[in-house]
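Novice: Read off the chains here:
There are 2 protein chains.
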Amino acid sequence: MAPPAAIEVEAVTDTSGVTVPDPLTVPVKSNEIYGRRKKADKRQWGVAAPSDSKDFRLRSYEGRPKARRWDHYITHEAKTRKGNSLKQAAKFLSTPGIISLGGGLPSSEYFPFEELSLKVPTVGHFSEAETKDSGVVLTAGKHDLANDKSIFDISTAFNYGQGAGAAQLLRWITEHTELVHDPPYEDWRCTMSIGSTSGLDMALRMLSRPGDMMLSEEYTFSAAVETAAPLGVRLAGVPIDAEGLLPDAMDAILSTWDASARGGRKPHLLYTVPTGQNPTGATQSAARRRAIYAVCQKHDIYIIEDEPYYFLQMQPYTGPNAPDAPPPASHAAFLKSLVPSFLSMDTDGRVMRLDSFSKVISPGSRVGWITASEQLVALYKKHADVSTQNPAGMSQLILWKLLDEHWGHAGYLDWLIYIRLQYTQRRDVILAACEKYLPKAIVSWRPPMAGMFHWMQVDFTRHPDYPQKSIEEIEESVFMRVIEHGALVMRGSWFYANSEERHDTLFFRATYAAAPAEKIDEGIRRFGEAVKEEFRLGKENGVNGYSNGH
Amino acid sequence: MAPPAAIEVEAVTDTSGVTVPDPLTVPVKSNEIYGRRKKADKRQWGVAAPSDSKDFRLRSYEGRPKARRWDHYITHEAKTRKGNSLKQAAKFLSTPGIISLGGGLPSSEYFPFEELSLKVPTVGHFSEAETKDSGVVLTAGKHDLANDKSIFDISTAFNYGQGAGAAQLLRWITEHTELVHDPPYEDWRCTMSIGSTSGLDMALRMLSRPGDMMLSEEYTFSAAVETAAPLGVRLAGVPIDAEGLLPDAMDAILSTWDASARGGRKPHLLYTVPTGQNPTGATQSAARRRAIYAVCQKHDIYIIEDEPYYFLQMQPYTGPNAPDAPPPASHAAFLKSLVPSFLSMDTDGRVMRLDSFSKVISPGSRVGWITASEQLVALYKKHADVSTQNPAGMSQLILWKLLDEHWGHAGYLDWLIYIRLQYTQRRDVILAACEKYLPKAIVSWRPPMAGMFHWMQVDFTRHPDYPQKSIEEIEESVFMRVIEHGALVMRGSWFYANSEERHDTLFFRATYAAAPAEKIDEGIRRFGEAVKEEFRLGKENGVNGYSNGH
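Top to bottom, those sequences are chains R and B.
The first sequence begins at 1 in UniProt numbering and counts up by one.
The second sequence begins at 1 in UniProt numbering and counts up by one.
It is worth saying that the hints were derived from the structure and are not from the lab.
Just so you know, not all the hints are guaranteed correct.
Put simply, identical chains are the same to the list, so a pair is met inside one copy or across any two.
[As the list claims (entries may be wrong)] Below, computed lysine to aspartate or glutamate pairings styled on EDC-like, alpha-carbon distance capped at 20 angstroms:
no. : residue 1 : residue 2
1   : 119       : 144
2   : 132       : 109
3   : 336       : 324
4   : 91        : 476
5   : 440       : 144
6   : 39        : 348
7   : 336       : 248
8   : 91        : 77
9   : 149       : 405
10  : 82        : 500
11  : 149       : 484
12  : 382       : 405
13  : 382       : 504
14  : 132       : 465
15  : 79        : 109
16  : 66        : 55
17  : 119       : 109
18  : 82        : 501
19  : 149       : 128
20  : 82        : 435
21  : 79        : 428
The whole structure should be built from the sequences, with the hints applied where relevant.
Specialist: Next up, the structure:
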């Protein structure tokens with residue numbers, strides 16, 4: 001096992017007298033957190049053993065306010081759900097010496113896996129090439145727990161689990177959440193999700209009823225619209241600027257809400273992607289977030305904070321010819337550079353934060369987590385126990401071996417810094433290509449500060465068929481021409497929060513996350529050619545080897 | 001890679017002229033099925049590439065009837081769901097040479113995994129000890145697909161996917177389903193689930209409305225009750241005998257349904273666990289299934305066939321002192337020994353079958369699948385795409401390496417035969433212990449033919465406190481005394497389909513799946529002691545070191 005990055009730690013004393021590293025002012029070293037872990041009850045490492053994220057928090061939360069109760073928003077479905085009664089019988093398993101003929105758990109004897117190994121990067125040597133050369137192999141045996149080799153193994157992870165996920169990984173997730181967000185109320189909890197799309201689905205079944213409307217950015221993640229629609233929940237778009245959601249506009253919408261004109265009750269939910277928003281790439285500043293939170297307090301709005309891109313915050317954009325900004329000098333500097341989350345300012349417990357490993361480790365893990373008040377986390381867990389169950393134990397074991405047993409918290413922060421610099425490079429590539437290839441009279445953009453998306457506005461009023469053709473028709477026409485030119489970008493209209501609302505803007509979304517640099521460059525070149533052709537700029541249509549009809 | 005089990009194949013000619021092995025009359029060899037696979041479109045092996053189980057079926061389904069349409073049962077939620085529009089944009093990716101700046105998929109460059117290896121048993125050497133000695137190591141590299149080493153790899157499996165799951169594993173699942181069940185209608189399809197609990201949750205959201213009632217065995221899987229209840233769906237128990245659900249009783253219930261007395265509409269759904277039912281262990285015979293199916297046709301009932309224990313069908317019980325029945329002589333004999341599924345007799349397409357790897361490979365995979373008509377599978381996929389998404393790619397890769405690339409279909413059947421014999425031994429252990437330790441005047445049982453559960457009836461009328469105490473009070477008293485004696489069994493009342501219905505039976509459920517043989521024996525001994533004490537049999541209360549108060 002590789003040693004964690006050896007950055008100096010300055011421990012500080014918490015109000016409770018417990019010494020914990022202060023994540024926002026001092027560097028953090030994996031082993032320091034590790035060493036300070038409370039003595040854990042070993043029973044929770046067992047098969048399908050219950051655990052509670054409360055027990056994994058390092059700070060004292062005494063004296064902090066308790067979260068508000070949300071009974072007035074909680075659905076009949078969520079209120080009447082009883083959870084899995086058989087899992088509740090697990091409490092008798094702590095009787096010393098008891099022989100269980102109770103739970104219908106298969107014996108691990110019949111899991112046809114003796115060992116699982118992963119080759120992964122050591123801290124500081126994160127690239128694919130370095131991993132090939134200097135990567136280490138982590139191995140999970142079948143009975144490592146019984147053999148005292150590890151606290152997590154195949155026989156445990158590959159069996160049934162609790163909806164909250166396995167204690168081993170839940171501990172790491174809770175510590176990470178505390179380290180990064182330090183929620184300012186007493187009774188916050190984490191529980192695993194099988195990803196944030198499911199997290200939103202479950203949140204809506206808990207907090208919304210058919211006929212409800214939910215606020216969001218006026219352009220928003222289309223899957224959120226599509227998850228909500230069949231539940232009878234429509235989105236109401238809030239105007240945005242370069243920093244995303246506009247608090248005054250949101251306040252105005254709520255203050256003047258006309259249920260009959262809107263065809264829905266005044267919203268009590270805000271769905272927002274505050275950082276590197278999909279599709280606009282906008283990132284709300286700290287001040288913006290505080291202003292939005294205040295509006296939510298004023299109108300008693302509950303916030304669903306969907307944050308897959310939180311750790312894809314990039315280095316400042318210095319422009320095409322300026323030197324790069326220096327990378328974060330320490331873990332503390334890195335954490336400090338991040339925009340504070342809604343969770344970190346949530347004195348009321350009115351935020352359900354959705355976190356995901358998809359963008360920073362692997363979407364194929366299907367492991368995420370939510371952080372919210374005890375009341376809502378308890379409801380979420382009950383629902384999970386009778387629907388999604390726990391995230392795949394196979395994924396949990398893989399993540400735990402990497403994150404807890406190998407990298408530790410500090411190593412993970414190093415990984416996140418690595419990702420940050422990589423995405424910065426990728427973003428700079430797409431911006432350079434845009435500078436080079438796009439006709440600025442037609443296409444305009446702002447450098448994204450976070451996330452995977454570059455959002456390009458097209459001035460449809462300059463289109464030769466405007467105003468005979470509608471915005472959506474022009475969008476369709478440009479889109480198809482881009483395809484003809486051999487590139488795929490997403491149409492802005494696919495991201496309308498509410499397609500019944502009037503839209504007078506036209507955008508395309510391009511991602512710099514997926515393709516290699518030369519493809520990004522070439523893709524944008526093709527996009528530029530298609531736009532020029534479509535808007536009859538410079539060259540005549542049909543020039544450059546492109547004909548109209550194909 | 002180990003060679004597949006070398007059992008002779010006799011291929012037969014399908015009505016369509018395509019030569020396929022007939023699973024019910026001839027042995028099946030892995031490579032024969034493998035070799036006959038249709039030439040697959042390679043594009044479907046790619047990241048988040050769409051695929052359709054239709055393309056993986058080997059038989060011709062021409063001339064078979066089409067499934068009925070279920071529009072009259074499909075909910076508003078399911079009808080209005082549009083699916084994930086961005087995933088639909090994937091269709092443009094097949095344009096030759098296209099550069100995608102479209103989908104927000106992270107680059108596999110940032111998946112910190114270079115290689116994943118698994119040590120697994122070779123065919124025929126399945127035990128833990130043998131796997132340690134002679135197991136082989138399967139390895140998935142990061143870019144095996146690009147390097148032509150394999151059709152599935154880390155860069156693909158660990159990225160986003162389609163709700164149906166990855167084509168690689170979906171092919172194997174479809175072939176397996178065809179091999180075992182050969183559904184008798186034309187337009188059947190498979191799609192992956194994240195497990196059957198979620199499958200039921202999604203089926204109910206597709207097919208039931210608040211206020212509905214759903215038929216099931218009068219004792220049923222408690223999580224099914226708990227999944228249904230918050231959706232406003234109550235279960236109506238149908239009387240059972242040793243073969244499970246009684247078709248005549250079901251017909252009578254439906255024919256005389258009184259909505260106002262029942263407090264719910266006449267049911268249009270049957271939830272049944274036909275094989276090794278949880279908790280009763282009952283297995284419906286083929287004739288019983290046909291009779292139930294006919295009742296469902298008569299009353300237009302849609303069937304949810306939940307079959308986690310299908311391959312835990314055991315050898316015939318020969319009694320404590322008789323020699324064991326010989327194991328299946330061939331794959332064909334094994335498949336023939338299995339009770340035919342509802343799916344295999346489903347000429348109407350009125351069955352949604354829920355399959356799961358939980359009991360035969362590992363619950364921690366959180367991978368299962370459903371088989372149903374194209375109409376319902378399409379709705380299921382759409383729902384998955386905006387909620388659960390695909391099962392974890394990490395699990396899918398692990399299962400595929402084992403099932404497709406290593407064992408093949410024939411090797412998997414050998415594994416299932418191994419499991420069958422193992423469960424037979426375990427069942428025989430619990431039955432021997434019951435013969436030895438239980439007071440037959442009070443406790444009676446039937447040998448289970450399938451599954452994980454032994455269902456023991458207790459004659460409460462012999463309890464010293466009867467009739468002063470209710471059945472549930474006596475059950476509670478026995479349960480707590482069993483705990484005192486150091487064993488855990490499940491209370492029958494936890495499995496009431498409907499706790500408002502009158503119950504005049506008292507049962508306990510014990511599992512022989514989990515504990516080693518000596519623990520099963522000792523657990524039943526403790527159960528017997530507790531029952532004797534509770535019913536004041538033989539010894540006085542307080543004898544044997546047990547006192548009343550603890």
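Novice: Now tell me if each hint is right for this structure.
Specialist: Checked hints:
1. 119 - 144: both (19 angstroms within a copy, 15 angstroms between copies)
2. 132 - 109: This pair counts as between: shortest inter-copy Cα distance 12 angstroms, intra-copy 34 angstroms.
3. 336 - 324: within (19 angstroms within a copy, 69 angstroms between copies)
4. 91 - 476: between (59 angstroms within a copy, 16 angstroms between copies)
5. 440 - 144: neither (61 angstroms within a copy, 42 angstroms between copies)
6. 39 - 348: neither (30 angstroms within a copy, 59 angstroms between copies)
7. 336 - 248: Neither, since 27 angstroms and 70 angstroms both go past 20 angstroms.
8. 91 - 77: Result: close neither inside a copy nor across copies, 26 angstroms intra and 37 angstroms inter.
9. 149 - 405: Intra 11 angstroms, inter 30 angstroms, cutoff 20 angstroms: intra-copy only.
10. 82 - 500: Answer is between: at 16 angstroms across copies they meet the 20 angstroms cutoff, but 38 angstroms inside does not.
11. 149 - 484: So residue 149 and residue 484 fail the 20 angstroms test inside a copy (58 angstroms) and across (33 angstroms) alike.
12. 382 - 405: neither (29 angstroms within a copy, 38 angstroms between copies)
13. 382 - 504: neither (44 angstroms within a copy, 30 angstroms between copies)
14. 132 - 465: neither (54 angstroms within a copy, 71 angstroms between copies)
15. 79 - 109: Neither: 39 angstroms inside a chain and 44 angstroms across chains, both beyond 20 angstroms.
16. 66 - 55: Answer is within; shortest intra-copy Cα gap is 17 angstroms, inter-copy 55 angstroms.
17. 119 - 109: between (26 angstroms within a copy, 14 angstroms between copies)
18. 82 - 501: This pair counts as between: shortest inter-copy Cα distance 19 angstroms, intra-copy 40 angstroms.
19. 149 - 128: between (29 angstroms within a copy, 18 angstroms between copies)
20. 82 - 435: neither (57 angstroms within a copy, 37 angstroms between copies)
21. 79 - 428: Neither: 49 angstroms inside a chain and 44 angstroms across chains, both beyond 20 angstroms.
Of the numbered hints stated above, those contradicted by the structure are hints 5, 6, 7, 8, 11, 12, 13, 14, 15, 20 and 21, listed in ascending order.
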